[in-house]
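Turn these sequences into a full structure, and let the hints steer you where they fit.
Line order of the protein sequences matches chains A and B. Numbered per our numbering, the first sequence spans residues 1 to 158. Numbered per our numbering, the second sequence spans residues 159 to 349.
Rather than coming from a laboratory, the hints here were simulated on the basis of the structure. What you are looking at is a predicted structure, and each value in this text was computed from that prediction instead of being measured. Glycine residues also receive a C-beta, built at the ideal position from the N, C-alpha and C atoms.
Mimicking DSSO-like on lysine-lysine, the simulated pairs with C-alpha atoms at most 27 Å apart in a straight line are:
#1 Lys295/B <-> Lys54/A
#2 Lys101/A <-> Lys259/B
#3 Lys259/B <-> Lys78/A
Computed far set for chain B versus chain A, every beta-carbon distance over 12 Å:
#4 Arg172
#5 Asp180
#6 Ile181
#7 Leu324
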Amino acid sequence: MTLIRSSALALALVVLSASAAQSQAKDYGKPLTLKAKTPISAILQNPHAWHGKKVQVEGTIVEVCEERGCWIKIASDKPFESIRFKVEDGVITFPLDAKGKQALAEGVVQVSTLTKEQAIAQAREMHKERGTLAKFDSTKYTKSITDVQIMGEGARVK
Amino acid sequence: MPDDRKPGGVPWRRWSIALHRDIGYAAAALTIAYAISGIAVNHIADWNPNYRVTKTFTAIAPITATEPSAVVAAAQEALHLAEPPRSSFRPDPGTVQLFYKGTTYHVDLPTGKVMVEATQRRPVLFEMNQLHLNHAKRAWTWIADAYALALLLLAVTGLFVLKGRLGITGRGAWFTVAGLLPVAYWLVFLR
Numbered sequence: 001m002t003l004i005r006s007s008a009l010a011l012a013l014v015v016l017s018a019s020a021a022q023s024q025a026k027d028y029g030k031p032l033t034l035k036a037k038t039p040i041s042a043i044l045q046n047p048h049a050w051h052g053k054k055v056q057v058e059g060t061i062v063e064v065c066e067e068r069g070c071w072i073k074i075a076s077d078k079p080f081e082s083i084r085f086k087v088e089d090g091v092i093t094f095p096l097d098a099k100g101k102q103a104l105a106e107g108v109v110q111v112s113t114l115t116k117e118q119a120i121a122q123a124r125e126m127h128k129e130r131g132t133l134a135k136f137d138s139t140k141y142t143k144s145i146t147d148v149q150i151m152g153e154g155a156r157v158k
Numbered sequence: 159m160p161d162d163r164k165p166g167g168v169p170w171r172r173w174s175i176a177l178h179r180d181i182g183y184a185a186a187a188l189t190i191a192y193a194i195s196g197i198a199v200n201h202i203a204d205w206n207p208n209y210r211v212t213k214t215f216t217a218i219a220p221i222t223a224t225e226p227s228a229v230v231a232a233a234q235e236a237l238h239l240a241e242p243p244r245s246s247f248r249p250d251p252g253t254v255q256l257f258y259k260g261t262t263y264h265v266d267l268p269t270g271k272v273m274v275e276a277t278q279r280r281p282v283l284f285e286m287n288q289l290h291l292n293h294a295k296r297a298w299t300w301i302a303d304a305y306a307l308a309l310l311l312l313a314v315t316g317l318f319v320l321k322g323r324l325g326i327t328g329r330g331a332w333f334t335v336a337g338l339l340p341v342a343y344w345l346v347f348l349r
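Shown next as structure tokens:
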């Protein structure tokens with residue numbers, strides 16, 4: 001009985017210390033190395049100039065991949081803009097409750113062109129996952145689009 | 159238990175049984191946790207094994223303010239939220255999102271429609287999944303390696319627990335071969 005009681009106490013202590021750690025800043029993936037931050041708006045304004053470059057960005061986490069935590073969206077320094085920070089599945093997993101927290105994140109900018117069909121498929125998937133208020137409107141996508149994301153290497157979330 | 163030791167030899171079966179028994183006790187907790195978590199994450203396409211996400215809908219009066227902080231304040235007031243959000247975001251001119259701990263309010267400004275998205279960790283299962291998928295990294299990697307080694311020893315020593323008709327040279331051999339079938343199926347058909 002004493003053994004069971006001691007085990008329960010030890011388990012409770014582990015859970016409590018884990019909860020306490022959650023309230024602090026948490027690092028994901030590789031350590032951050034860059035000294036200067038790049039405004040997200042600068043990347044989105046001229047994405048091709050940033051393609052292949054490693055950047056450090058900062059902003060509010062406004063979306064998290066619900067299924068696997070394999071990407072987050074970080075709000076830009078300008079309104080109505082955000083950028084997707086994609087990480088390798090299983091290597092980094094962002095918790096869903098990171099939404100609304102601040103992220104300092106590093107990775108390589110990747111710019112690609114999506115066909116109209118690819119753009120619709122991607123938007124439909126995002127829409128389904130987010131479960132937004134508005135109905136999905138595929139007619140908004142009439143031509144190919146430039147997709148910009150950061151291939152994430154490491155991040156600090158607080 | 160019969161003594162399998164040849165004169166002057168090592169009682170290997172006795173050691174094997176003792177290892178199997180004690181490692182079995184030590185690995186029981188993690189095996190149960192990993193098994194439950196394994197089933198949970200195996201079906202990740204059908205459900206979220208870590209969080210319970212609920213989306214409910216409500217409505218407030220349309221918000222006509224345009225200045226960013228006024229939009230947030232108006233939404234907060236209309237939703238009767240005592241505290242300001244920890245952060246907010248405007249994904250487009252017609253929407254504001256208010257982020258609270260565990261809850262996000264998506265407000266459609268022209269219509270006043272609101273989606274309330276509540277996120278709650280699944281107790282115990284969340285922690286099990288974190289360990290199983292080694293999200294903790296660092297020291298847990300070593301613990302998980304030690305556990306994997308323990309499972310390896312359990313499997314090997316388990317083969318030699320019994321002797322004779324029920325052992326690995328008898329009935330046990332058929333069950334061992336049956337256990338190899340999924341691996342063979344993978345190698346032949348799915349690889």
